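2 protein chains.
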Amino acid sequence: MIAEIISIGTELLLGQILDTNSQYLSQKLAEIGVNLYFKQTTGDNVERIKEAINIALDRSDFIVLSGGLGPTGDDCTKNAVSQIVGKKLILNESAFQKLKEIFDVRGIKMSENNKIQAYFPEGAMIIENKNGTAPGFICSIKGKHIAALPGVPFEFKQMVDDSLIPFIKERAGGGKVIKSRVLRTIGMSESRLAEILEDIFNDSVNPSMAYLAGNSGIAIRITAKAEDIDEAEKMISHLERRIRDRIEGLIYGVDDETIEESVGKLLRAKGLSIAIAESCTGGLISSTITNTAGSSLYFDRGFVTYSNNAKIEMLSVPEKLINEKGAVSEEVAIEMARGARKKAGTDIGVGVTGIAGPGGGTAEKPVGLVYIALSAKDCEKVKEYRLGKLRLRNKHLTSLLAINMLRQYLIGVK
Amino acid sequence: MIAEIISIGTELLLGQILDTNSQYLSQKLAEIGVNLYFKQTTGDNVERIKEAINIALDRSDFIVLSGGLGPTGDDCTKNAVSQIVGKKLILNESAFQKLKEIFDVRGIKMSENNKIQAYFPEGAMIIENKNGTAPGFICSIKGKHIAALPGVPFEFKQMVDDSLIPFIKERAGGGKVIKSRVLRTIGMSESRLAEILEDIFNDSVNPSMAYLAGNSGIAIRITAKAEDIDEAEKMISHLERRIRDRIEGLIYGVDDETIEESVGKLLRAKGLSIAIAESCTGGLISSTITNTAGSSLYFDRGFVTYSNNAKIEMLSVPEKLINEKGAVSEEVAIEMARGARKKAGTDIGVGVTGIAGPGGGTAEKPVGLVYIALSAKDCEKVKEYRLGKLRLRNKHLTSLLAINMLRQYLIGVK
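If you read the sequences in order, they're chains A and B.
Be aware that the first sequence starts at 1, since it is given in our numbering, and climbs by one per residue.
Be aware that the second sequence starts at 1, since it is given in our numbering, and climbs by one per residue.
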């Protein structure tokens, strides 16, 4: 089967947004072995959308449109499809009821505009949108399919995962499958990792290995091409084992697993509780930890002690210590970790202080200097990091490194 | 002049990389008033690249190819262009010399493969690549142009800025300029906004209006087409004023301005300080506020009171109140805001409690129920919201809505 993606939206042509939807769907199609030879992008214009669909119908079997299903006047994807397949737009009673329910739950009056979102080309199969008001749909024409999904990324992804990919998979027949697995590491540079894994890298053709430097450490992507998913998985697992034998302690997660999920599992398994005291990260560590559902089982509280007074009043950091060593110091980080643990009565306390930038740096204590400390019954440690000059990146990296210190403590890495 | 972009690379079709080049060029073309109605993406395959170019030649005047100019066997953009324009690839002596110099400077032996990068269709104009080894080129056919640039983003951008855009600008003639401005709103649904602004929307052709539903509320994009940037700006400002007259309180920022920046400016201008008490957002509000450089001037501290004990101990929320009304209640939100303000000694306190999900909901208090409260000397208020079922989205929206409550207080919206 040959698929084709058409991304719709004038904002894409003006370069106002990045087309992340077509990237996401491309990955998913590759995973199920569906070929994709072309993608197109056009604006919110019925004639141009029709032109793009006609080009795609000439060369592809399954066409996926993304965008242009909103309730406002500039959204016209449905009209284009309706004209192409020669079917009128008619009200779908069940979609209309669901739409009404959404508005009832939200306690908002449904506007006339929204009713448009319950109209579909006659005979179309409706695709449920769990995250928004615009359902998608699939039409058939001459043995080919045209699917239309909304452009809002988190709506699009849910519908791709839950409905579109299963639908296509059923009809795709056998092609070669491309499957990837990503091992997420933190705490070592790409070049150092590459040195340690050099021989494995060099003799890995299929499955192949690639390093991806990202915002959350270095990821190692393993990609296998095989007759089916099972075979690909087996090939990947074999290479994964070889890599893990060398760097197990650095790998905090697989694929989309986040470091906070991995730490959450460890805390639950051990029945331990935590409290976080943070200065330069401004609440980001607590927020990251509470991104995981069920985190209330182990996360008790966070102290965002931005001012010195807050450090003194909330965590009992001695004022004298701050005056002598400075708020950004090893000693204050440790006192913050101790204070968090003590005030909250938790098993573990984490304390973080640093200079996020862009201002506030000195020759001795430059922007990017960060201290991360951990306090527990059987362990107390503090580490110094010298990160970069970018405020948001410093906050993000500090948060990752702090959660990784927690992870290392929990798995017994010194 | 109508331009068209063709992005080339199998990695784009596999979803391994995001197409940032075409976004960048789209922005640049809009800025100089060149229309872009279509973009295409295809893989490293001569026949498919030719097909894409032929489609583009039918409807566009200036075609820009990105990618497929590397030294390896899978790069075949040049061959495709050479066949389309009917010109042989010949060695360009001056490009060859420059290539040799690059390798000399780097102290690397030049491989035979690299020599390919000095071949171009006969008669092509060479575009210098200051950041890499692959020069670009421009060919003409039947009064139209085909330009090819390498796919590495920082090479592509340099060549777009230094060579391609000046070249196109010279030939675009009296092209009109397209300029956009985005008004960012929060707190009202797209359909409700559309109702309130319906008449303005309907009589806005140039400048035009569009709604963009995103993760941070609904954005309203105003786009003007004019003779020059100044005129476009004027047209945009006029429409912006009409929109603001209706929904001023909902607009928190313009273009890339974030709500935390806008609130930060207001707090600094008024010399007010804040403290945040949060439960379901787990520190995200404090973290968001401290994303802005200089936020230590007004942000004193945050209380991440995840457990009930934390609410009682850190904020003096009466235990009885939590038992009677529940931790997620209007009353507790207000007590949290008061507690934050009092404990920190700040001018303003914000308190947030809710059920982020996916667990913890009941029929009476479903997932997504959130209370946001603000306490100041001259004002105390609390609002109830019913958001969706997605944990991270609930955290994000709650944070936005809380910061917006702060903003509305600061600008005097009741």
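Keep in mind that the hints were calculated from the coordinates and are not lab data.
Certain hints may be false.
Copies of one chain are not kept apart here, so a pair can be met inside one copy or by any two copies together.
Once the Cα atoms are required to be at most 25 Å apart in a straight line, the calculated SDA-like pairs of lysine to any residue come out as [what the hints assert, rightly or not]: (1) Lys88 with Arg244; (2) Lys343 with Ile312; (3) Lys98 with Ser273; (4) Lys88 with Val413; (5) Lys342 with Glu198; (6) Lys87 with Glu198; (7) Lys234 with Glu11; (8) Lys115 with Ser216; (9) Lys88 with Ser189; (10) Lys169 with Gly360; (11) Lys50 with Met235; (12) Lys176 with Glu240; (13) Lys343 with Ile102; (14) Lys50 with Ile32; (15) Lys320 with Val46; (16) Lys343 with Val182; (17) Lys343 with Gly326; (18) Lys169 with Glu227; (19) Lys100 with Met188; (20) Lys157 with Ile17; (21) Lys325 with Ile55; (22) Lys365 with Glu248; (23) Lys343 with Asn308.
All values derive from a computational prediction rather than experimental measurement.
Mind listing which of the numbered hints don't hold for this structure, in increasing order?
1, 3, 4, 5, 6, 9, 10, 11, 13, 14, 15, 16, 21 and 22
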